[in-house]
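Enquirer: Each chain, written out:
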Amino acid sequence: MDAIVVSHLSKRFKKSAKREYTSFKSELVRLLKGKRQKKEEGYIEALRDISFVVPKGKTVGIVGRNGSGKSTLLKLVTGIYSPSEGSITVNGRISALLDLGAGFHPDFTGRENILINGIILGMSREEVERRTPEIIEFSELGDFVDEPVRTYSSGMFMRLAFAVAVHVDPEILIIDEILAVGDEHFTRKSKAKMEEFRARGKTLLLVTHDLVTLQSWCDLAIWIDGGRVRQQGDPHHVVQAYKKAVALAETQQEAGEQSALSAPGVALPDLQGPARPSFGPQVGSGQRWGDFRAELTSVRLCNDQGTEVGTYDSEAPLVVEIGFAAKEELEDVGFLLKLRSAAGERVYETSTFTEEVAVPRPLPRSGTVRFSISRLGLVAGSYLLDVSLQARGGHEYDYHSGLYGFTVQSRIGDKGIVRPPHAWAFQPGQA
Amino acid sequence: MRNLRELYQYRLLLWSLTQRELQARYRSSVLGFLWTFLNPTLHMLVYATVFQVYLRSGVPNYAYFMFVGLLPWIWFSTSVVSGASSISDRRDLLTKVRFPAQVLPATIVTTNLVNYLLALPLMMALGGFFGVIPSWHALLFPLIAFVQLILTLSITYLLSALNVTFRDLQHIVASLMMLAFFLTPVLYPLSSIPEEFRTWVLVLNPMAALVSGYHAIFYEQQLPDLQALGIVLTLSLALLWVAATIFESRREDFAEAI
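Protein sequence lines correspond, in order, to chains R and B. 1 is the number of the first residue of the first sequence in the working numbering; add one for each residue after it. 1001 is the number of the first residue of the second sequence in the working numbering; add one for each residue after it.
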């Protein structure tokens, strides 16, 4: 069953917040001018036709720039706002960490605030009382828990509030960018708590600007842009596309063009430029982009015999054969390879620029590059390869992201990512 | 009446918030909870001085008489005045967590009710001082208090919902409440209002019938005007229905408007 089903959701706000607070003076002025408006015109459409599903037990991350409607979406899912159109179905007890410390009273002690905050967050009195020792321990407040909250440092306040919030024990947890609570140590602890939630099969819906967290934690990502779902699916692809669009907007801004970045909430530019590749997958899927003045026509992974096998032994060689074609004479050009683990972590990245490899200039109209690894040296698992044809400054002619995958097998059950060449040696006697 | 059903559902939250309000009110003041008694007592002393010593009111045991009416009036006026802004002031709760909005005005009303109930022994003691021993009529107290509860709750609901978009309301209410105090027979008996105005006062000011009711059972030791109370109850129930309906229809906008 799905924990959250959002279908065709739209949310409109009345345009002028000022108009909300009717004052006698403004009312009188309007009356005298004979401009008594019957109905408020103009709405801000915060969200438009949003549809997505959060499957039970999955972690879903929402990305998007400031003002794109992420927080509004969370408030709608939580039930603080009601939708203008469309529907939201939530199955399960929901707890939202949109803001910490709702209802905290500065004159009350930490312990008293735990009780009232817990009840506000939906726990029964008994539940809160049972969990209070746990909450106090998690918050690491020690004796301060019996002091009034107004004497707390902001870090202590946040820690206490976060501790209460995560002990509500919901089936669905909604988090709005609050994992960075407190110091290094507490952040780690909070993340561990979130991990525990995941492991216990709870559903998480989170908004974050921390793209690394998003890629390593989330099963699915949703990119909200200008109030619409721009892209959803595999977190790695979504993040790539998002980063791409931000970078593009930044280049436009630097170039003095009208840019989406100059105003909040404006949708980022489309990745589909006028350029379209002649070979391989189309752009826009988040797996391929560039200006395609030069293209990667083929990428083959094979063993040293030149056969594509798909699965490679940890100790065996691997060869990457890259075919390219250039539409014009390019001087500033090189190749980049990025090896990623299945979780999206970068294992290794190199390029002809970093290694000062001479690439023929101008680039021939077509040709092949071979990248040979004499010994793979990776532990068993799945890996992805990004290949890029780009300029020294990072301008990409053709970037293929995560399009090529292979599996590594090994007779040894070692762990990690890399297996360096090694040997064990023993010597009798005292150390 | 979804509003009231949910209120019952959230009674635990309501009670916890009420407790918190009671504790918070005089937290970190030296006299602490004693202020619950000190405030009405000081009022009573001033009014008693003015009306009994200066103006020589003919009402026997005036201080007790006045105290009987003053306490429920404080319950009513404090609830309505602070209840009016109970939604608009709690932005922190309504926009950050899913929170049943109707609990907020109700919390104000119950908090002040508890304050009233706590002051009752003081009132009894004052009666004892003047030699007034409560009769069986005092048993009707829950009935009158219930009618007042319904009335106060409905007015508070209505004002709190409207105040979200029309903020002047809370100031208007505060001023009107001052005037209403003098138009309600708290400082003087209902009988001192000229006959021809009396019906009007009773009709226009439901608190007049209630305060007279308290006077009857605690001071005059006789049956209250049950007919007047019945009318106030009917009116209050109707008002509660209207208020709850308006509150309910506005509720979804609260989070966006405050």
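Just so you know, not all the hints are guaranteed correct.
According to the in silico footprint, chain B covers these stretches of chain R (three or more CB under 8 Å from chain B) [to be verified]: (1) 67-80; (2) 110-120; (3) 302-316.
Which chain B residues face chain R? A few, computed with CB under 8 Å, are given here [what the hints assert, rightly or not]: (4) ARG1027; (5) PHE1099; (6) GLU1195.
Worth flagging that the hints you see were computed from the coordinates, not collected in a lab. Keep in mind the model is a prediction, meaning the values are calculated, not measured. C-beta: ideal position from N, C-alpha, C; glycine also.
Enquirer: All hints, please: hold or fail.
Expert: Going down the list of hints, with the structure as the test:
With 4 residues having a Cβ less than 8 Å from any Cβ of chain B, the stretch 67-80 of chain R passes the three-residue criterion, so the hint holds. Given as covered by chain B, the stretch 110-120 of chain R passes the check, having 5 residues with a CB less than 8 Å from a CB of that chain where 3 are the minimum. For the stretch 302-316 of chain R, the proposed coverage by chain B is not satisfied: 0 residues have a C-beta within less than 8 Å of a C-beta in that chain, short of the threshold of three. Given the 8 Å rule on beta carbons, the hint for ARG1027(B) holds: about 4 Å separates it from the nearest Cβ of chain R.
A cut of 8 Å between beta carbons decides the hint on PHE1099(B): the least distance to chain R is about 7 Å, and the hint holds. The closest approach between the C-beta of GLU1195(B) and any C-beta of chain R is roughly 39 Å, which is over the 8 Å cut-off, so the hint fails.
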